[in-house]
Amino acid sequence: MIPHQLSLIMESVFLAVGSTEKNSIGAGLPAFVAIPLVSAFVLPIFGKSGRRSAMFLANLVTLALLVLAIACIGKSGVYEVGNWTIAVGILLVLDGLSSLMLLVISVVSAAAMLFSTRYMEQYTAKSKYLSLFMLMVAGMNGLVISGDIFNMFVFLEIASLASYALVGFGCEHEELEASFKYMVLGSIGSSLILFAIVFVYGNTGFLNMAMVSQAIQRKGLNPGLSFALALFVAGFGLKAALVPFHAWLPDAHPAAPAPISAMLSGILIKTLGVYALTRVVFNVFGISLALGWLLIALGILSMVAGAFLAIGQWDFKRLLAYSSISQVGYVVLGIGLGGLILARGGNPAWASLAILGGLFHLANHAVYKALLFLTSGSVQMSTGTRQMKQMGGLAQKLPVTRAACTIASASIVGIPPFSGFWSKLILVVAAIQAHLYWIAAVIIFISLCTLIMYLKVQRYVFLGELPESLKHIQENRGTMLIAMVALACLCVLMGLLVIVPDLRANILEPAVKVLTDGLAYSANIIKP
Amino acid sequence: MPYALCFLLFMIGLYCAVVKKNMVKIIIGLAIMEYAVNLFLIMVGFRSGGTAPIVDKTYIESGTQRVVANFIDTAVDPIPQALVLTAIVIALGSLALIISVCIRLYEKYGTFDITEIRRLRG
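Chains as they are written, first to last, in the numbering used here: chain A, 1 to 528; chain B, 529 to 650.
Bear in mind the hints are in silico, worked out from the structure with no lab data behind them. Predicted model, so just to flag it, every value in this text is computed and none were measured. Mixed in with the good hints there might be a few duds.
[Unchecked claim] Derived pair list, reagent style BS3-like, types lysine-lysine, alpha-carbon separation capped at 27 angstroms: (1) A:K456 x A:K397; (2) A:K219 x A:K128; (3) B:K553 x A:K471; (4) A:K181 x B:K585; (5) A:K128 x B:K636; (6) B:K548 x A:K128; (7) B:K548 x B:K636; (8) A:K456 x A:K389; (9) A:K181 x A:K75; (10) B:K585 x B:K636; (11) A:K219 x B:K553; (12) A:K456 x A:K471.
[Claimed, not checked] A short list of chain B residues far from chain A (calculated; beta carbon distances all over 12 angstroms): (13) M529; (14) Q593; (15) R632.
C-beta atoms are modelled at their ideal positions from N, C-alpha and C, and glycine is treated no differently.
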């Protein structure tokens, strides 16, 4: 059955490369930024007495964004803000990759917001939390739909600043320390990105990505642009926490409140790092052999180092954070592998397959890592600790959390019916087809390491003896459960995204096509 | 040459942010990096002897509605100036945030030395 399915996948990926269907939506695009941005400043007005209504409204906003994102599936569009010409104005662009990212962002943020309704009751200053949360969503949404490079930087900074503040939200020793570390490295990353943008502007005279891309195609890469590319890789690498640049992540992600950890690990590092990097590398500068290998090397380094460091952790959320580094490695590896095959002039079907694997893993990881962080939050709320050595036997006390955590672990490890299996399978097949057998071996080996770390979680958190101090704890009820169960259902069902041809053709393949088309991106935006 | 000096300023800021142990000095390093980038941005748009990119009556050809030909050749590029204003505002926001976190950290730990602020490890 599996070979048959895979051959179907190849076939349709191949078909998708040839088709150009237009289903345009333009004027609705600013809503993705405007709705969360407005609500970020409206929600604090409710104040202390209106906390419940503010929470309710915030949930409505994230759900509305989810509906909008679903409505945008399979559509494309260009919107010129204020009708300025695209050479100087702000351009919003919706294409396959953006709509996939919008969908992932809104799914995770809706679940995280639902979870925070109950979880954030332990914290004060909830209106500020909602405000920062909405700013972060606005920044990420804006980043994925912005069509010019400087605007991308502005949205990246909005999302980053909100996330710095949210990491330090608890205002205790550890949180502030993690926030400071994150902020220093994040600011360095932002400065590098801005520096690169100035280089690009100085060398091409444009900021719009499509026009920069055309200028580069006309004149080729000069040393200034190559330096800009190196700065982009370092800057976005810092944001994505790829391995030489990962030092901030294991501190920052555990320190944040659990729903924010889910947002950071689930989507922030992918939007600010992986998405932005792929967009710039594939659609603006164009992929080359060296860049393909660079992405593969960064991916493999992250996978291996992240997995090895994760196994040794005893802090639940810290283990998950290291595991995020490892999983983002898979995404970058898949995308880099696709780029390498394209640059070599290999079979485009295999390149599409590798990129499909990478992007599908991105979506999968967003869902199951968000779920894992939510379960860790549920465990932490019940037990009051994150140390796995002080836990045990929670399976009887927290049955739903346990079930959700097991499903998410099975997905991340790659056990067949669950989502992670499909993306890893696609990556392995793509690596074998590219005759890079050692990469396939690394992917499988790291899956085994992942299995070890999640068996450790199951063994020390949910199985074994229940300590005396935890005899009285209770399962968390209400919205926390709904959020976890919803994400767990998604973990089971995400496999359908590649198995059902209609879903695949509408959600994943347009995204893959944007990357395999590479520099043709500019031609879609600037009509001759 | 000015570009090289600007890059040197950026590297000084980066060195300061990465090597120094005092939180305030790290923040100063970050600020220097941001200034270097802003300076670079302004220099990209610089044109010696240029005029402001605003069309007034003296730049309209008499009798027609067209702008005189040498306006394009003498006006400076306005985009970097718009960009640098945005960049300065963003830098201001991030500096204010990082300084406030720095103050809270000082209240908690009673020191600015990051080698003594080390509860997180691993």
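Hint by hint, here is what the structure shows:
no.: 1; hint: A:K456 x A:K397; in the structure: holds, 19 angstroms
no.: 2; hint: A:K219 x A:K128; in the structure: violated, 48 angstroms
no.: 3; hint: B:K553 x A:K471; in the structure: violated, 49 angstroms
no.: 4; hint: A:K181 x B:K585; in the structure: violated, 54 angstroms
no.: 5; hint: A:K128 x B:K636; in the structure: holds, 22 angstroms
no.: 6; hint: B:K548 x A:K128; in the structure: violated, 33 angstroms
no.: 7; hint: B:K548 x B:K636; in the structure: holds, 21 angstroms
no.: 8; hint: A:K456 x A:K389; in the structure: holds, 11 angstroms
no.: 9; hint: A:K181 x A:K75; in the structure: violated, 40 angstroms
no.: 10; hint: B:K585 x B:K636; in the structure: violated, 62 angstroms
no.: 11; hint: A:K219 x B:K553; in the structure: violated, 42 angstroms
no.: 12; hint: A:K456 x A:K471; in the structure: holds, 22 angstroms
no.: 13; hint: M529; in the structure: holds, 15 angstroms
no.: 14; hint: Q593; in the structure: holds, 19 angstroms
no.: 15; hint: R632; in the structure: violated, 5 angstroms
The structure fails to meet hints 2, 3, 4, 6, 9, 10, 11 and 15 from the earlier list, while all remaining hints are met.
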